[in-house]
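Asker: In case you want the letters, here they are:
2 protein chains.
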Amino acid sequence: MKQLEKLSDRIINRVNINLRGFELDVTPFIKKTVPLTQLVKFYAFYGVTSHHPLHFNFTHSSLAGSYFLGKCKIDRSVLYKSDIRGDELKRKGDLCHSHDSAIPIDEDEVIRIKDSYLIKTLVHNYSHDPENPEEFLIRNTVSLPYANIHGAPMEGCFLGPFSTVDLTTLHGCIIGTFTYVQVGELFHHRIDPGRVWIRSDEFDFNYSFDQEVLDHYISFDADKVPRGVLMDFVEDRKIDFESVFDVVHLEPSISVPDSSALNRYSVVKGDTHIGENVLVAQRGYLENAWLGTGANVQESSYIINSRLEGNDITAHGGKIINARLGKKVFVGFNAFLQGKMDYPLVIGEESIIMPHTIIDLEESLEIPSGHMVWGCIRNREDLKKHSISLKELSQIEGQFTLGSMRFQGSGSNFVQAFQERIEHILEANGAYYDGEKHRGHAQEGQTISYNTIQPYLTGDLKGIYPCIDIKP
Amino acid sequence: MKQLEKLSDRIINRVNINLRGFELDVTPFIKKTVPLTQLVKFYAFYGVTSHHPLHFNFTHSSLAGSYFLGKCKIDRSVLYKSDIRGDELKRKGDLCHSHDSAIPIDEDEVIRIKDSYLIKTLVHNYSHDPENPEEFLIRNTVSLPYANIHGAPMEGCFLGPFSTVDLTTLHGCIIGTFTYVQVGELFHHRIDPGRVWIRSDEFDFNYSFDQEVLDHYISFDADKVPRGVLMDFVEDRKIDFESVFDVVHLEPSISVPDSSALNRYSVVKGDTHIGENVLVAQRGYLENAWLGTGANVQESSYIINSRLEGNDITAHGGKIINARLGKKVFVGFNAFLQGKMDYPLVIGEESIIMPHTIIDLEESLEIPSGHMVWGCIRNREDLKKHSISLKELSQIEGQFTLGSMRFQGSGSNFVQAFQERIEHILEANGAYYDGEKHRGHAQEGQTISYNTIQPYLTGDLKGIYPCIDIKP
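Chains as they are written, first to last, in the numbering used here: chain F, 59 to 530; chain X, 59 to 530.
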């Protein structure tokens, strides 16, 4: 274990130096969340297909988790049950658009993780940093369970549990528990827990959860493990994944159309239906789930006793329990939507559930179609202060507040940006596949061949993985 | 599949050129034995420990099977369910003794397999070619099911099913079905099926099975798959291995002493007992097996309804059914020993069952202690013509025949060579471990960490494995 201890200390040291301005010591956060002995217990796996550029290079690291599809280089890092998914990386020959200029991509983009400690973290999409388009770099960074690093290169950062950094480049930042940021770029910022912040040249959306809500759903401090309803929810379902990871080959227990992909590292229970062009990513969880054509369920998403009519998006970490979603509903990262068996949550078509929204019903509730919702909603009264129709939002120009949400800028640009992104996600996931054209992840992710790698089990290197280089 | 077809054709072409003097075309042998579509179905696995030098390098190959412990380089080859076991390779700094000279080993020995097609073949031990002590090379070679390549570098060879090449360097040879050779070196020889041939500077042992025996137990020609009792025996038990290969981690179903290793890729059934210092290698098969202290069961060996008192050796491919073995009985490669439930085969202590011996009882039989047996024995009459006491054998000097066995040379050197080898095997396997000293495979093989690798599942590269390089 000596080398693993040294590796852990090395990463802590580097992150602490980067964050010295905040006087943050990440030691207790890491040591409390995952004891080093845990790192020896699991295997890593990486996927190979004939559709994606292949180059994996793992050196001097502890790797439990998945690395797949695309190019990925991990050096002197600890990845614990993390999903590093490189199926949207830029390819050699692509043109990348940013601020009216087109950047030619001369090499396949590579995810590079160096001197970092990512615990149950999702890394996906591609680097949205136009300055370094061919490298999606995560360096000197610590992230805690259920954090999402989405198209967000970063250096010297600390990400709290259930936080999401989306299409944003970070330098020396602290991102609080359950915070969502999509703000382009940040230098040496500390973002408090429970803030949802979206900012571009044209708009600024800002919301912060009440402390009472955070205390109940997800909270965390240095001397304790993350706790609250969200943590209990995922912990309670951990055991269902064990049998999935224990077998080498797993045939789906339900029928899956030829146009759809049900990842073999997902859980399927109860009476579940998979329609055409559906993508269920790894660590997706389906229990009595009805998924209509083009619906998708991304990593660490849970669909329980719910029906999704079609072209619905459940972003990474989204949880939908006892609900009925109309067509093309967008459920953002780490959203937690829970109806009751007696009165399921109903969401009308083309509504947008903002990332990190909590809906936890105390009474029956229907979200009308074409609405945007955010914050914490438990009843109809809450809904009034945490929703707006897309039509109304599109007409806003300048400042607008509703409850503790503050909006500034062009509402129509905000709505348009969201809708364009939703279309892009559906396209990328293959929701619009017609049997020939518009292939996406639902079609390309069907024949992933998985390889596994395990750490040394004894001696000085215990818990460290051998160095591996894998190419076509 | 295009690349896999090209690879197969390339290997066939190279082997045929090497064997052109014999006008042998290996095409039908390969194509009949394993259809190319089979090669896509299985995974390869390689083991990592902190005890063995690590460097695996696999390029442009199809690899189903196991590669483990030590350094191994596979290039443009097909390995189908083959066991490549490198835990006896020479290490940097070793001294290798040959013909009164000591050869210093300057680099860790590496197994290198190039342009070869090995089907259900075992490769083990180290290169006994003193001219190339740091490379155990298998090149331009085809081997068929249950062949053993044991310390035997070779180039341009064809090995029939259930054949064994032991401590012998081969150049452009054909080794017939169920043939055993341990003869130092051979150039452009064709050895007929069913010959057992051991030759050194000091002795020469020669035996050939009758055609009737071969037809019944194991025979093979180009337009058919291998057939006979031996083939049926292993085919009937194939299904038991499926569940073993299907799970990622497998805890032993019986208690295993701290000093013993039960490989996780072995089968354990019925009332089975594992004593101290026992080694059960991968693809070992135990059913109602009682293994006393220091017994070992090597790759593709089967122990069924049998008791081994201790320090017994079951060499690669040995099968022991309904038998009781006294202490330190040696059962050679691919031996097939079958008593009946009513009258188990009894073998007295320190007896030597020659490689490729068939004992298949029609009546009760006891092999006295301190005897050597060979050939095919079904009753007491057969035993007389196929056995000799070690004491008597030691006194032979010159020529000696018994039945169709011909011996020439020093009997005492022959017995001594066998006994020294038996001691060496017991030492290497850790049979003499005392809790501190004399560690061997039984102790070093307990904490192997296995990684898996799978082929491309679609496209031009279907069935080919990605190139992998793995180091400490």
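Among the hints, a few may not be true.
Note that the list lumps identical chains together, so a pair holds whenever it fits in one copy or between two copies.
[To be verified] Once the Cα atoms are required to be at most 25 Å apart in a straight line, the calculated SDA-like pairs of lysine to any residue come out as: (1) 99 <-> 313; (2) 398 <-> 494; (3) 131 <-> 328; (4) 398 <-> 491; (5) 172 <-> 527.
Note that these hints are calculated values from the structure, not bench results.
Asker: Look at each hint and say if it fits the structure.
Answerer: A quick look at each hint next to the structure:
Proximity of residue 99 and residue 313 under a CA criterion of 25 Å is satisfied inter-copy only: 21 Å between copies versus 33 Å inside one chain copy. Proximity of residue 398 and residue 494 under a CA criterion of 25 Å is satisfied in neither setting, with 41 Å inside one chain copy and 63 Å between copies. For the identical chains of this complex, residue 131 and residue 328 are neighbours neither inside a copy (38 Å) nor across copies (47 Å), given an alpha-carbon limit of 25 Å. Taking the shortest Cα distances, residue 398 and residue 491 never come within 25 Å of each other, neither inside one copy (34 Å) nor across copies (64 Å).
In this assembly of identical chains, the alpha carbons of residue 172 and residue 527 lie at most 25 Å apart whether taken from the same copy (16 Å) or from different copies (20 Å).
Hint compliance for this structure: hints 2, 3 and 4 are broken, all remaining hints hold.
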